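Asker: So you can see what is in the structure, the chains are spelled out below.
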Amino acid sequence: DAGVTQSPTHLIKTRGQHVTLRCSPISGHKSVSWYQQVLGQGPQFIFQYYEKEERGRGNFPDRFSARQFPNYSSELNVNALLLGDSALYLCASIGGRSQETQYFGPGTRLLVL
Amino acid sequence: EDQVTQSPEALRLQEGESSSLNCSYTVSGLRGLFWYRQDPGKGPEFLFTLYSAGEEKEKERLKATLTKKESFLHITAPKPEDSATYLCAADGSSNTGKLIFGQGTTLQVKP
Chain A
1 DAGVTQSPTH LIKTRGQHVT LRCSPISGHK SVSWYQQVLG QGPQFIFQYY
51 EKEERGRGNF PDRFSARQFP NYSSELNVNA LLLGDSALYL CASIGGRSQE
101 TQYFGPGTRL LVL
Chain B
1 EDQVTQSPEA LRLQEGESSS LNCSYTVSGL RGLFWYRQDP GKGPEFLFTL
51 YSAGEEKEKE RLKATLTKKE SFLHITAPKP EDSATYLCAA DGSSNTGKLI
101 FGQGTTLQVK P
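Residue numbers (my numbering), protein chains in the order written: chain A, 1 to 113; chain B, 1 to 111.
I should point out that these hints are in silico values taken from the structure, not numbers from a laboratory. Warning: the hint list may mix true and false statements.
[What the hints assert, rightly or not] Derived lysine to any residue pairs resembling SDA-like cross-links, with alpha carbons at most 20 Å apart:
1) B:Lys42 <-> A:Pro61
2) B:Lys42 <-> A:Gly56
3) B:Lys42 <-> A:Leu11
4) B:Lys57 <-> B:Ser24
[Said to hold, decoys possible] Covered stretches of chain A, as calculated for chain B (at least 3 residues, CB under 8 Å):
5) 49-61
6) 73-87
7) 100-112
[As the list claims (entries may be wrong)] Chain B stretches covered by chain A per the calculated footprint, using a threshold of three residues with CB under 8 Å from any CB of chain A:
8) 18-28
9) 35-44
Small disclaimer: the values here were computed from a predicted structure and weren't measured. Even glycine gets a Cβ: it sits at the ideal position worked out from N, Cα and C.
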């Protein structure tokens, strides 16, 4: 079975630009989460979507937004990029016994210059 | 405030030298405690979910245990291929799907 897929794998942007990251969950999973992981730290929660509705939001500015589509894929958008937005952006697909286990994709490495 | 702390930050072992990684958590209404393995530049790979104190899970050389305040990841007779960063994460009662991660323990196993 295909796991979580994310695109692109790597991205270089300059300050002030906009970026869109994409994620496809595991087949049959209806919920996705987005995380930001800065080098040397654990992932930080950005959003979770379930059945196209936002279920949770982390402590990130309004420059960060997301949406989920009818096929359960998701996009993370970041506006007005800052140098500090450089990180590995992870998407997780949610399943398991009680719909709590999060299975992560390979991530998108974003570098802001 | 919900918090997860892992120790040590880094651990060097000789091949075959068993040890344990610690994850201390302060989370109200724990719904699940998760362990992941992460290789450099890659996404975290799911290892275990623990739901209640006293629960244990095993997979090859790894064994995870859970108490009301801590979780341990025991590594028995590690091999060089076990070298990675091990992340612990807690799911609290907020029902937002938010996992609270520790900073990770980077394990290096030398042959």
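Asker: Next step is simple, just say for each hint if it's right about the structure.
Answerer: Hint by hint, here is what the structure shows:
no., hint, in the structure
1, B:Lys42 <-> A:Pro61, "violated, 25 Å"
2, B:Lys42 <-> A:Gly56, "violated, 24 Å"
3, B:Lys42 <-> A:Leu11, "holds, 15 Å"
4, B:Lys57 <-> B:Ser24, "holds, 18 Å"
5, 49-61, "holds (count 5)"
6, 73-87, "violated (count 0)"
7, 100-112, "holds (count 9)"
8, 18-28, "violated (count 0)"
9, 35-44, "holds (count 5)"
Of the numbered hints stated above, those contradicted by the structure are hints 1, 2, 6 and 8, listed in ascending order.
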